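Colleague: The primary structure of each chain is shown beneath.
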Amino acid sequence: MKNPAVADGETLVRIRGLRFSRSGRRIFDGIDLDIPRGKVTAVMGPSGTGKTTLLKLISGQLRPDEGTVEVDGLDVHALSKGELYRLRTRMGMLFQSGALLTDISVFDNVAYPLREHTRVPESMIRKLVLLKLEAVGLRGARDLMPSELSGGMARRVALARAIALDPMMILYDEPFTGQDPISMGVLVSLIRQLNDASRISSIVVSHDVKETSSIADYLYIIAQGKVIAHGTPAQIDAAQSPWVDQFMRGLPDGPVRFHYPAWDLERDFFGEGSGDG
Amino acid sequence: MAKEVGTASAMLNALARLGRTGLNALERLGRGHLLFVSMIAGAASLAARPNLLVTQTYNIGVLSVLIVTVSGLFVGMVLGLQGFYVLSQFGAEESLGVMVAASLVRELGPVVTALLVAGRAGSALTAEIGLMKATEQLSGLEMMAVDPIKRILTPRFFGGLVAMPMLAAMFSAVGALGGYFVGVGLLGIDDGAFWSQMQNKIDLHEDVYNGVIKSFVFGVVVTWIALFEGYDAMPTSVGVSRATTRTVVHSALAVLCLDFVLTALMFGE
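Those protein sequence lines, which keep their order, are chains D and H.
Here the first sequence is numbered in the working numbering, starting from 1 and rising by one per residue.
Here the second sequence is numbered in the working numbering, starting from 1 and rising by one per residue.
Any given hint could be a false lead.
Claimed, not checked - EDC-like cross-link-like pairs, simulated, lysine to aspartate or glutamate; straight-line CA separation at most 20 Å:
1. D:81 - D:116
2. D:81 - D:65
3. D:127 - D:116
4. D:226 - D:66
5. D:81 - H:147
6. D:56 - H:147
7. D:226 - D:32
8. D:226 - D:70
9. D:56 - H:232
What the hints assert, rightly or not - Sample of chain D residues with no beta-carbon within 10 Å of chain H, all distances over it, derived:
10. 80
11. 120
12. 181
13. 266
14. 271
Everything labelled a hint here was simulated from the structure, so no lab data went into it.
All values derive from a computational prediction rather than experimental measurement.
Beta carbons: idealized from backbone N, C-alpha and C, even for Gly.
Pulled out of the complex, with its shape left as it was, chain H reads as follows:
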C-alpha cells in the first residue's frame, strides 16, 4: 500500500514538474513576443538617432564580413568540386555555374550566413546585453528615464535586419567566384559556358528575391533570439553563459526549421 502511494506521489510530482516546465516555456515565449512588439514599436525612435542604427549595422554587419566572405569562398569552392564530380558523370559539367549559383542563392547563402551571424554577432549581442543587465547598466538607463529597449535593443535589432541580407548577398557572390576558380581555373570548364548558363537559368524573382526574403526572415529571427536571450538572462556569469549558448543553439534550430518551411512555401509545387 505504502509503495503504491509512493509511486502515485512520484508520478504526480513528475506531472507537476512537466506542467511547471510547460508554463515557464509559455511565459518565456510571451515575454519574447512582448519584447519583439516593443522593439518594432521603438522603430520610430531610430528616426531621431540614425547614428545608432549605423553603428549597430557596422557592429553586426561590417565586422562579420570577413568570416562570411571567407566561408562563402570555401563553400563555393567545395560546391565547384562536388558539382563537377556529379555533373561530369552525365556529361553536364558546363552547367556547373548554374548549380553553384542556385545552391548559393537559394539555400546556402541565406542559411550559412545566418548560422555564421548567429555564432559571431548573435552570441556577442546576447553576452553584451546580458552583461549590461548583470552590471545594472540597463537599470541605470531606466533610472535616467531612458528606455533601454528603445535605446539599446531596437538599434541592434534593426541593424541585424539590415545587415543579414547584405551579408548573404556577399556570401553568394564570393561563393560563385569560388566555384568559378575551381570549375574554370582548376577543372577546365569553359569560362563563357560557366557564366552564360548561370545568367540564363538564375531567375531574379524565383531565385534571388526568394533568397533575399529568406535572409531577411533569418535576420529577424537570429537578432530577435540573441537580444531576447540577453535581455532575459539571469544577471550572473552562469546566466549570461547559458543565455549565449541558448542563442547559438536556438538560432541554428530556428534557421534550419524555417528554411524548410520557407523552401516548401517558395519552391514547392
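For reference, chain D alone in the conformation it holds in the complex:
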C-alpha cells in the first residue's frame, strides 16, 4: 500500500509484500508500507496484530517468510551481520520496557553506545551524555540506577540512549503504554520535539489512539495481517470503515468481536461434557 504522501526519494523505509508467520499463525499477509524521512509515522492496531513484530522485521531482528524491507535503500534481510550492525548504529529503538542495562547507572547506559562505537575521549562522552539527558529532562538523574527510576523516567533514559549516536530513525515500541498522564504528555512532546529539532524519522507503534494521532503526520492501521487503512489523522478520523471506526472510537463490539471464538453457549452449558450428568 504505497503512501501517496511520500515522494520516491523521500522514502526511508519501504516494505513490500511482507509475509510473516509465527507458531503456525499468520501475522502479516502481504503488507506494503512506505515510511517517509523526517516525519512521525504511526502504525496502529489492536493488541496482538504484530506491531512490535513489524519493528523487529524493520530492524532485522526477525526474518520475513516473504517480501522485502528496505531501510535507506538497503535490503535489511540481505545484509551480512556486520552490515546490519552498521545500519543499526543509524537506528535507535525505544523498547516498551526501556531495556536499560540494570547493572549500570543511567549515565553509563546512555554512554554505552558512544563507548562501543566511537573513539571519543571520556571528557567528550560526558558532555554528550549530559546533553542527551538534558534533552529528556533527566540530567539530574545521571547517577541513579535503573531500579531507582519510575517507568516514565526509564523510558526517557532509554530515549536518551536511543538518540546517543544521533540516528536517522527511531523506532518507538508502544511508548505510551502504562504511563501516567504527566509521563505520557512528556513522552508525546519529546517524540515530536526530537523529530522536528533533529529531522529524525520516527516510527511509532501504538494502540493509544489519542496520543498517537496528536503527534503523527501519517497513520497506518493494521489488523488481521493487513493494512486496513492509512492516511493523515484527519483522513483516518473521517474514514467510513466500520473497523476503523470501532478502533478509533474504542467501541467494545463491532467487526472485532467482544467474545473470543467459542462453541455454542448451549453446548458448553448443557451439552456433552458440561458436567450436568
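Since the structure of chain D is already known, use the hints to place chain H on it.
Modeller: Showing chain H alone in chain D's frame:
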C-alpha cells in the same frame, strides 16, 4: 471397527508426539552447539576488553570460594573419619593421607566443585541471562549494534573455565587439611606419616593433572549449559524458572556422566 480406528489413531498421535519431542531435542542440541561455537569465536573480543573476563571470573569464581572451601573442609573431615575406620581394620591407618588426597584430587575435588558451582553460579548465570532476555536487554544490545554473545555470554563462559580448576584446587587443598585435622588431630595418626605418604604416593601427572583436566572439562560443560539455558529460555517468569532448574539438573547429570567417562579414559587399564 470404530474402536480399532480409534486405537490406530491414538498410536499414530503418540508416535507423532514422540517424533516432535525428538526433533525439538535435536534442534535444541543444534542451537546449543551453535552457541558454543559462537562463544569460542568471540574469544578474540575479550582481548580488547580483559576487564569483562576479570569481572566474570570474580563473579563465578571468587564469590563461590566460601561455599567451595567450607564444603571441601567437611568432605575432607568425613573422608578422614571414614578412611580411618576402613584402614584401621587392616592396620594401614598411616595411609590415611594418601587415601584422602587421592579421593579429593582425582574425584571429589573436580566433581563436587562442579556440582557446587552449577548450583551457585550456574543457576545465577541462567537466571541472569534469562531475565536479560525477558526484559529485552539482549534485544536492546542487538539494536545498539552490540553482539550480546560476544559482550555478555563469552566473558561469562571463559570466566567459568578459568574459575573452575582453581576452585577445585582449593576444594582439594582445604579437604586435605580437613582430613589432617580429623586423622592427626582427633584420631592420633602420626603427623609425618600422614604428609610423607601423601607426598610419596600422589603423582603430579597421574593424579593432579588429570584432576585439573577433569575440572576444566566440567567448567566448560557447566558454564555452557548454564549460559545456553538462559539464552534459550522462554522470556517469561515460568520460562526462566524452568531454565534455572534444567541448568542444575542437566549440569549435575552431565558432570557425573562425564566423570565416569573421563575416569575410565584416564585411569582404566
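Colleague: Against this structure, judge whether each hint is valid.
Modeller: So, going through the hints one by one against the coordinates:
1. D:81 - D:116: Satisfied, since the Cα-Cα distance of roughly 16 Å is no more than 20 Å.
2. D:81 - D:65: holds (19 Å)
3. D:127 - D:116: holds (16 Å)
4. D:226 - D:66: holds (14 Å)
5. D:81 - H:147: holds (10 Å)
6. D:56 - H:147: Satisfied, since the Cα-Cα distance of roughly 16 Å is no more than 20 Å.
7. D:226 - D:32: Given pair residue 226 of chain D, residue 32 of chain D holds - Cα atoms ~9 Å apart, limit 20 Å.
8. D:226 - D:70: holds (19 Å)
9. D:56 - H:232: This hinted pair holds, its Cα atoms lying about 18 Å apart.
10. 80: At roughly 13 Å from the nearest Cβ of chain H, residue 80 of chain D sits farther out than 10 Å, so the non-interface label holds.
11. 120: Answer for residue 120 of chain D: holds, closest chain H Cβ roughly 16 Å.
12. 181: holds (25 Å)
13. 266: Answer for residue 266 of chain D: holds, closest chain H Cβ roughly 27 Å.
14. 271: holds (21 Å)
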